[in-house]
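*Asks:* Using the hints, position chain B against chain A.
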Amino acid sequence: MDGRGGTSVSGRLRERYAVYEQPENRTDMQPTRLLVGERRGLTCLVVAQEKCSVTLAREGPDATTEASPNWSCDATAEDIHETNMTTASTLILLMEENAKAGAKEPFALLADVIAWAYHPPEELLRAIELALSMEMSGLAMELAQLGGTLFPQDERVQRMAKILAPPVVRSARAPDGKGLDASRKWLREHAGQYRGQWVAVRQGRLMGVASSLRDLEPIIGDDPVGTLVSKVL
Amino acid sequence: MPRFAQLLIDTNSFASGAAHYADQYPGDERNARLVLAVTIANRATVQAVVDTGTPWCILDPEIVERLEDAVLFTENLRDLMIRGERYDGRLGRVEITLQADCCGVSIAVEATVFVPTLRLGEVWCHPNFIGLQGFLARIRYAVDPEENVFYFGPV
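Chains A and B, in that order, are what the protein sequence lines are.
So that you can map any letter, position 44 of the first sequence is 44 in my numbering, and since no number is skipped, the others follow by simple counting.
So that you can map any letter, position 109 of the second sequence is 109 in my numbering, and since no number is skipped, the others follow by simple counting.
Simulated from the structure, these hints should not be mistaken for laboratory data.
From a predicted model like this one, the values you see are computed outputs, not experimental measurements.
Heads up, some of the hints might be wrong.
[To be verified] Within a straight-line C-alpha distance of at most 20 Å, the following computed EDC-like cross-link-like pairs (lysine to aspartate or glutamate) qualify:
{"#": "1", "chain 1": "A", "residue 1": "LYS178", "chain 2": "A", "residue 2": "GLU135"}
{"#": "2", "chain 1": "A", "residue 1": "LYS100", "chain 2": "B", "residue 2": "ASP79"}
{"#": "3", "chain 1": "A", "residue 1": "LYS104", "chain 2": "B", "residue 2": "ASP79"}
{"#": "4", "chain 1": "A", "residue 1": "LYS185", "chain 2": "B", "residue 2": "ASP23"}
Looking at chain A on its own, in the form it has when it is part of the complex (with noise of 0.2 Å):
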């Protein structure tokens, strides 16, 4: 069931999920087949062609049948939708389902599995979002990676890939933080008293005090990164 082809999908994944993909043989066309999932009643069949027609059926005992090795198919259910939204609209709400279902699992499985080359650059960065807001971190970064080399002339899916990039490392030459242990040590006998305030210590002197950090911006500017400054708490 499962025509991925090198992609590893988890057997209780496979039992719930069958993906089909385009032949081997007609590899210059879109994914060509999708069915995608059974959820709470609801199996969504996609067909996707040149020309896409989707249909979303609610299962039933005749719910619906396998699409057809011509690429085409049938739902027999009582509930059927007929639509003319792009199979690419469909799979993002899809996903927008899953997420607002908190289904990690299968929100993870159609983002692996959506070829986001045939999708606009708007439902890549909403799938991103989705995974943001799923607190699903480490799909967010892969999206927006995988964004960042299909669409290069998108500028909110290039910023999205530079912020959400993995972190950049390199050797820094300064600052070489001399003095920041003498203003630790100074906020750990003394920041008690500063409760709600802004303090700011330099070489383990106190160098201003004050309720919102922009008043101790003359302070700071003189040293930003020698200077210490804390809220305390």
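*Replies:* Below, chain B without anything else, positioned relative to chain A:
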């Protein structure tokens, strides 16, 4: 010189530098923390709690306000659960430097940060945090609680 500097920095290059850390965040004496001094965009040196449970670094909005032009922000607001409360805010990218105040070489990390957007009259009452995926994921680190030393270096 910290006790393990030669082993971790000089001998096998596990780390490139080392910094002292504080056990408590100022004003939060009841909770034991690992608090590092970090410099944000070379324009503000602040303290931040190492927290592997949060994906992003989290910065006090007042700090970011004074270096807004150094942060690349996402367009949309989103929310993040911080200590049991949900906050709206923006994700951003900014350089954060770990100062090697014990020995070795400092490192600068292009990090992903979350900056809360406060409602009118709302006051930010949490520490700054150093998160896992937005910062720690690409550095090696080791902690010596005997000397309060945090060793660090690029992966």
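*Asks:* Hints broken by the structure, by number, lowest first?
*Replies:* Violated hint (a single one): 1; every other hint is consistent with the structure.
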